[in-house]
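*Asks:* Given next are the chains, with one letter for each unit.
2 protein chains.
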Amino acid sequence: MVEEKKFENKYGYFTEDGREYVITDPKTPRPWANIISNGDYSFMVSQTGGGCSWRGNAGQNRLTRLYQDTIKDNWGKYMYIRDVESEEYWSAAWNPVQTDYDEYEVRHGIGYSVFNQKVNGIKSSMKVFVTPNDPVEILEVTVTNESDRVRKLDLTSYFEWEAGKHPDEHREFHKIFMDTEYDQDMKAVKLEKYLWGFPDKKGLANNVDWDYVGFHAVSQDVKSFDCDKETFVGMYSDEATPEGLEADKLAENQGRFGDAAAALQVDVTLEPGEEKTVVYTIGSAAKGKDEIEGVNNEPEDADKLIQEYTSVEGAKEAFKEVQEFWSELIDAEKVDTPDDALNFMTNYWLKYQAISCRLWAKSAYYQTSAGYGYRDQLQDSQIFLTSKPELARKQIIAHAEQQFQEGDVYHWWFTIGGGGPRTKCSDDLLWLPFILDAYLKETNDYTVLDEVVEFLDGGEADVYEHCKRAIEMSFSRFSPRGVPLMGHHDWNDGLSAIGPDMKGESFWVGEFLYMILESFIPLAEARDDNKFADKMKTVKENMKEAVNEYGWDGEWYLQATTDAGLKVGSKENEEGKIFLMPNIWAIMSGIADEERTETVIDSINEYLLEDYGTLLNYPAFTEPRTDIGYVTRYAPGLRENGGVYTHAATWSVWAYAAAGEGELAYEAYRRICPPNRFDNPDEYMAEPYVTPGNSDGPLSPMFGRGGWTWYTGSSQWLQRVATNWILGVRADYDGLIVDPCIPAEWDGYTMKRKFRNTTYQITVDNSVHVNQGVKEIKLDGEAIEGNKLPDLDDGEEHQVEVTLG
Amino acid sequence: MVEEKKFENKYGYFTEDGREYVITDPKTPRPWANIISNGDYSFMVSQTGGGCSWRGNAGQNRLTRLYQDTIKDNWGKYMYIRDVESEEYWSAAWNPVQTDYDEYEVRHGIGYSVFNQKVNGIKSSMKVFVTPNDPVEILEVTVTNESDRVRKLDLTSYFEWEAGKHPDEHREFHKIFMDTEYDQDMKAVKLEKYLWGFPDKKGLANNVDWDYVGFHAVSQDVKSFDCDKETFVGMYSDEATPEGLEADKLAENQGRFGDAAAALQVDVTLEPGEEKTVVYTIGSAAKGKDEIEGVNNEPEDADKLIQEYTSVEGAKEAFKEVQEFWSELIDAEKVDTPDDALNFMTNYWLKYQAISCRLWAKSAYYQTSAGYGYRDQLQDSQIFLTSKPELARKQIIAHAEQQFQEGDVYHWWFTIGGGGPRTKCSDDLLWLPFILDAYLKETNDYTVLDEVVEFLDGGEADVYEHCKRAIEMSFSRFSPRGVPLMGHHDWNDGLSAIGPDMKGESFWVGEFLYMILESFIPLAEARDDNKFADKMKTVKENMKEAVNEYGWDGEWYLQATTDAGLKVGSKENEEGKIFLMPNIWAIMSGIADEERTETVIDSINEYLLEDYGTLLNYPAFTEPRTDIGYVTRYAPGLRENGGVYTHAATWSVWAYAAAGEGELAYEAYRRICPPNRFDNPDEYMAEPYVTPGNSDGPLSPMFGRGGWTWYTGSSQWLQRVATNWILGVRADYDGLIVDPCIPAEWDGYTMKRKFRNTTYQITVDNSVHVNQGVKEIKLDGEAIEGNKLPDLDDGEEHQVEVTLG
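Residue numbers (the UniProt record's numbering), protein chains in the order written: chain A, 1 to 805; chain B, 1 to 805.
Bear in mind the hints are in silico, worked out from the structure with no lab data behind them.
Hints may be right or wrong, so weigh each one.
Copies of the same chain look alike in the list, so a pair counts if it works inside one copy or between any two.
Distance condition first, Cα-Cα at most 30 Å in a straight line; then the derived DSSO-like pairs of lysine-lysine [said to hold, decoys possible]:
hint: 1; residue 1: K5; residue 2: K571
hint: 2; residue 1: K249; residue 2: K10
hint: 3; residue 1: K289; residue 2: K223
hint: 4; residue 1: K187; residue 2: K320
hint: 5; residue 1: K540; residue 2: K152
hint: 6; residue 1: K118; residue 2: K577
hint: 7; residue 1: K223; residue 2: K276
I would like the entire structure built from these sequences, with the hints used as guidance.
*Replies:* What follows is the structure, given as structure tokens:
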């Protein structure tokens with residue numbers, strides 16, 4: 001059977017169903033990685049086999065990291081295959097040995113990666129994944145003898161223990177607290193560390209254990225082991241040519257005086273044609289020592305975890321669980337449109353990226369997160385709304401907890417030990433009511449408003465009150481003309497010097513707040529909080545006027561004014577003339593009337609809609625501006641400085657659709673949908689199956705280059721704007737709106753959509769080839785009024801036929 | 001002429017005069033480095049050619065670092081030599097290419113290192129040093145054609161720009177603010193960076209430039225260049241096999257969109273026997289932008305610096321200046337004893353280590369300092385007392401500035417932007433009066449007491465008052481029985497959990513304070529500060545009693561009591577029974593009477609004086625103790641946990657000498673004097689020419705292994721105890737004491753000693769072979785009374801003949 005390859009290029013392709021991306025050349029322009037997580041334990045693996053792992057829920061993953069490697073700007077747990085007779089060795093992934101191969105492919109899937117290789121007549125297939133229910137990652141290695149003689153091989157695993165460290169020159173400080181031990185009975189090596197970078201409950205530094213036992217085990221008898229980087233790698237060698245493989249057996253160092261690493265060597269002898277599977281596990285078991293404020297790990301039993309998973313059967317069972325685990329999270333909604341890129345990304349990869357990396361692992365190759373971002377994971381949690389809204393609810397509560405009584409919040413926070421920066425960022429706090437509204441629309445679960453949550457500085461209140469205080473705090477920071485102050489920055493962190501003296505304004509925050517008031521006023525009224533409702537109504541009216549009066553620049557809206565009163569994002573400026581955010585949100589929020597919407601759309605089309613998406617501003621700043629902020633310090637065209645900042649670019653899809661511009665909405669989507677970049681991988685450089693944080697703008701010599709993939713808030717939003725705004729299926733308080741805004745060329749599309757307790761099988765017929773306009777909807781064969789599906793709440797599946805025209 | 005080699009082993013040897021250490025095998029057990037500094041600009045270079053550079057005076061050198069390399073756990077600026085015809089290339093030092101060589105040696109000297117090599121018939125000699133007066137390092141590369149045919153070579157330099165970064169995953173954040181440029185006229189590449197990890201004067205993060213222009217220039221026409229790590233090294237290659245050397249010319253990338261590096265390639269064609277020299281420079285010129293509180297760099301001109309030094313003549317002139325510069329700092333005192341190890345270390349290497357690394361560079365391979373340690377550089381500054389006491393005075397003032405009005409001080413501080421941890425460490429503050437006394441004895445310069453210095457929290461006072469407040473603050477933290485509280489820790493930082501509740505006591509602090517009061521009482525009396533003098537007298541008397549009553553354990557002194565009242569360093573303990581510090585300082589301070597001194601000496605001999613020096617405690621802790629502190633978290637035998645902590649071990653030399661134990665004082669010295677470890681380099685591992693911070697104690701499987709060299713407070717003290725306590729020549733308020741306490745075996749020694757405005761040529765005659773006891777001293781042929789040389793203050797040199805007996 002020949003596999004049908006989609007979006008194929010010289011580096012790889014999507015499988016026909018889009019559930020796997022197959023890399024065929026390890027020398028991709030950048031690491032094309034997979035970020036694999038079960039919500040607690042996470043790891044990263046690149047197409048070369050590099051990677052690292054950490055306990056993900058804890059945030060601060062530098063401090064919870066289990067292992068990493070330091071060579072080649074890449075991390076790794078490595079697997080060596082050695083022909084014992086010829087003494088040749090290679091690796092089961094391309095790194096670290098980088099041997100010439102006869103066959104090589106890496107299959108990145110949802111929750112796993114597989115490295116298939118043929119070298120020296122030996123086929124190897126190494127599957128890596130993390131068990132859904134325990135902090136254990138599994139390396140299932142199958143070797144097949146495709147030569148015509150008996151082959152005596154050994155397999156040798158290797159990685160450096162990391163055990164949660166702060167930055168440290170050459171591991172010289174932290175390694176001296178590590179203790180390794182070989183456990184013959186368990187066929188395992190184990191690690192403890194007597195120092196963790198957190199203060200104890202008295203506030204004393206360097207006085208607690210790393211709260212885990214690290215382990216590395218193998219499913220068959222150990223031929224030899226080593227726990228010392230120095231003897232395995234060698235002081236003047238590296239992982240490509242480790243000294244440990246120059247001898248028959250490894251050095252078998254262990255204890256407290258080496259440079260903690262883990263290597264397990266096993267013999268595998270294969271008859272011609274024979275195949276054998278060896279299972280390795282790596283994991284960490286909490287000691288549950290309760291030595292640190294905020295860390296109350298339940299004790300876990302390393303030996304039990306080793307026994308459960310370190311066998312061929314255990315690994316098989318665990319992999320089945322992985323598949324079920326992810327199916328629950330991503331299969332509640334499925335679309336089938338004429339655009340495979342949209343289908344693959346919407347059905348699998350964007351959900352996976354948002355959940356596995358962004359919400360759970362919280363780190364990737366380019367960026368290591370310090371904790372939860374207040375705005376970030378709150379927005380991301382919308383990815384759960386269709387499949388598991390209870391997880392979105394949990395996220396809302398978690399963020400409400402990070403608020404002070406006055407209403408402001410931590411810009412981000414640590415989950416171990418707590419704490420974070422309390423800033424005068426002007427939008428952080430408002431995301432709570434914003435995301436709350438999406439949750440209410442999807443679930444109709446108003447009980448969340450009554451959930452009582454503590455403040456950081458004492459006292460407690462229900463979620464309604466938390467939201468109210470956020471809004472009130474925002475109200476207390478307006479300019480004399482009624483526009484929200486910029487403060488330390490708004491959504492665009494790089495606008496960091498515009499408003500520190502609390503004079504500069506952000507028109508975008510005005511629009512954002514306007515939109516929030518729209519949904520919060522009815523909540524206040526429903527609770528008879530009439531005084532506050534009235535206040536909000538007044539502010540809302542005034543805001544529309546103020547933004548339109550002071551924020552209008554003639555052909556578009558301004559981004560801001562500075563403390564010194566200068567306009568930012570104005571035709572008066574030579575650089576940063578026009579910013580995307582205040583213009584698309586003017587449309588999304590309804591601040592802009594129909595005429596201004598048209599004018600704004602024209603301006604966006606003229607200045608911002610570029611080949612690879614909508615730019616965040618134009619033209620880029622070419623010199624640092626100490627009165628604007630560090631956005632001006634990026635190279636022109638890079639990231640927030642005149643590049644396509646993908647997170648914001650997704651909202652331009654929403655804005656175009658809200659303006660009824662079906663072709664433009666699709667264009668704005670198509671240009672940032674990663675598989676569409678398959679035909680120029682050396683320019684794009686980034687993975688084709690996840691979103692990048694940014695793509696270079698036209699002033700960059702690498703125009704169109706994708707940057708900082710995986711850990712970006714764009715994944716959830718790109719999924720959401722496709723379903724909610726292009727396909728037009730979006731939740732409302734009293735039903736499910738169906739209002740497609742699609743390319744006229746499309747004949748239609750189908751979509752399976754779970755909404756609360758009901759599943760709708762929607763078929764949209766666009767045989768008349770319009771962009772928009774629902775002519776008729778039949779629900780289970782019966783025509784309904786309007787374009788909103790009722791909440792049938794019957795646990796059944798229903799057929800919906802939609803005709804455009 | 002055959003060079004006489006001293007302390008030769010398989011890795012290298014000292015030259016006959018001890019001024020150079022020559023490494024003949026690059027695969028030393030650990031990096032055997034040189035730390036080269038001019039007091040402002042510093043760099044490290046290992047025997048493999050690895051290294052990094054930074055502006056040293058600034059402290060926080062992660063943030064002022066100019067370049068570094070990331071492979072092989074080693075840093076580097078690299079120099080490739082390529083045979084253009086054969087396309088073979090190798091490096092002028094062993095790294096990164098690690099080519100087989102016909103000859104290889106590295107000569108580490110005072111202020112320079114030279115890499116001599118012969119590969120493929122080409123001799124190369126690369127001398128690296130930093131100019132004394134400017135932030136410029138020089139690489140003078142001489143290549144000689146020893147083959148019998150014309151050789152067409154090119155030289156290619158390479159390093160990664162670092163430009164002051166915080167820890168950052170794979171340089172992904174910081175690299176995007178760097179900007180490189182090739183300057184054809186200057187034959188140079190330059191670097192700017194538009195972000196530095198400090199807040200601007202408003203407190204805004206990410207809003208200032210890195211305040212330097214980095215440059216790299218070469219003395220002859222550039223064949224090609226590259227400023228991009230990715231094109232030079234290659235995404236999946238490394239510095240050993242850089243892709244840049246696969247082509248005739250380098251890629252010539254520059255600008256803001258690469259991964260900033262520097263490579264300059266020049267052609268060198270050599271007739272048989274011909275020799276040519278190429279000079280490369282690397283440096284940084286301050287922009288002087290004055291954007292950050294506490295940074296007022298004077299603007300420097302990169303082009304001027306390039307022109308001055310980037311030529312064969314410029315380099316020669318600069319190297320002459322280097323030699324004069326260091327001669328001034330180390331040649332004011334010179335000893336000649338029967339012990340070459342003592343001579344080499346005392347005359348050159350310990351002074352060099354203390355000044356170049358510890359006071360100036362403030363970082364080394366194992367440890368990167370965050371700034372100035374309050375105690376650390378104050379003690380180190382004693383190294384200047386003989387040669388340039390004005391530099392010690394400057395250091396005293398600098399530390400007085402880091403004091404709060406209440407008398408306590410920063411445990412360490414940042415020089416850029418200020419700030420540091422204000423702790424309840426119990427000894428930090430007392431080092432100011434302690435070192436002041438050494439300064440007064442050496443210089444008789446009492447004007448320092450009147451120098452007015454600001455406090456950190458406002459106000460100012462003279463240095464006398466600063467010292468007084470330190471003492472008064474210490475007085476306010478006594479236990480009810482009159483012993484100083486441990487607080488957050490004493491000199492032993494790892495005793496971090498003994499006294500945080502301000503109940504636990506430190507007997508060592510009692511002794512230290514006692515010694516300080518001895519010297520401070522006369523200062524108070526001289527200023528008619530009689531009330532304070534009386535107070536000090538009372539405390540002093542009481543302290544002697546309290547330590548002797550509560551601190552005496554029967555055969556030795558206790559280290560401490562904990563907040564819970566447990567004894568630490570007592571025969572009642574199973575681990576940490578006896579600590580070195582309270583016992584040697586009881587002798588040094590005079591707290592112990594003659595009988596207890598004898599008892600204590602016996603106990604030290606029995607438990608602590610081991611093969612490689614005196615242990616800090618015995619036996620080592622084998623389990624973490626949350627009531628003692630992180631010292632118990634080190635592996636048993638490592639560092640402060642039952643190892644030889646060299647800094648403290650030097651004081652045991654003092655104590656033995658103060659007790660009149662000439663043989664033991666010399667033994668305690670000999671065992672930690674690095675050249676003496678030449679016969680077991682694979683066990684010792686560390687450089688033979690600088691002190692290590694520690695050596696493993698007997699519980700370590702690597703008993704005797706040296707660790708954490710160069711950046712250690714032991715260098716200055718090992719020099720001082722040799723001259724002041726073994727050779728017995730030490731300054732007093734009214735003259736220079738000569739009181740040798742030497743091995744009886746010695747026939748004598750000579751010493752040149754500058755004391756204030758006079759130079760004494762001292763010859764000690766021990767033909768009767770005693771340890772101690774001056775029978776007669778002749779000054780310029782005339783016998784004098786007693787054993788104190790008068791302060792002749794005549795600018796002349798005088799002959800001193802000392803006869804022991």
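*Asks:* Taking the hints in turn, state whether each one holds.
*Replies:* Hints, one by one, checked against the model:
no., hint, in the structure
1, K5 x K571, "neither (48 Å within a copy, 76 Å between copies)"
2, K249 x K10, "between (40 Å within a copy, 27 Å between copies)"
3, K289 x K223, "neither (34 Å within a copy, 62 Å between copies)"
4, K187 x K320, "within (25 Å within a copy, 63 Å between copies)"
5, K540 x K152, "neither (76 Å within a copy, 77 Å between copies)"
6, K118 x K577, "neither (55 Å within a copy, 61 Å between copies)"
7, K223 x K276, "within (16 Å within a copy, 55 Å between copies)"
In terms of the numbered hints stated before, the structure departs from hints 1, 3, 5, 6, listed from lowest to highest.
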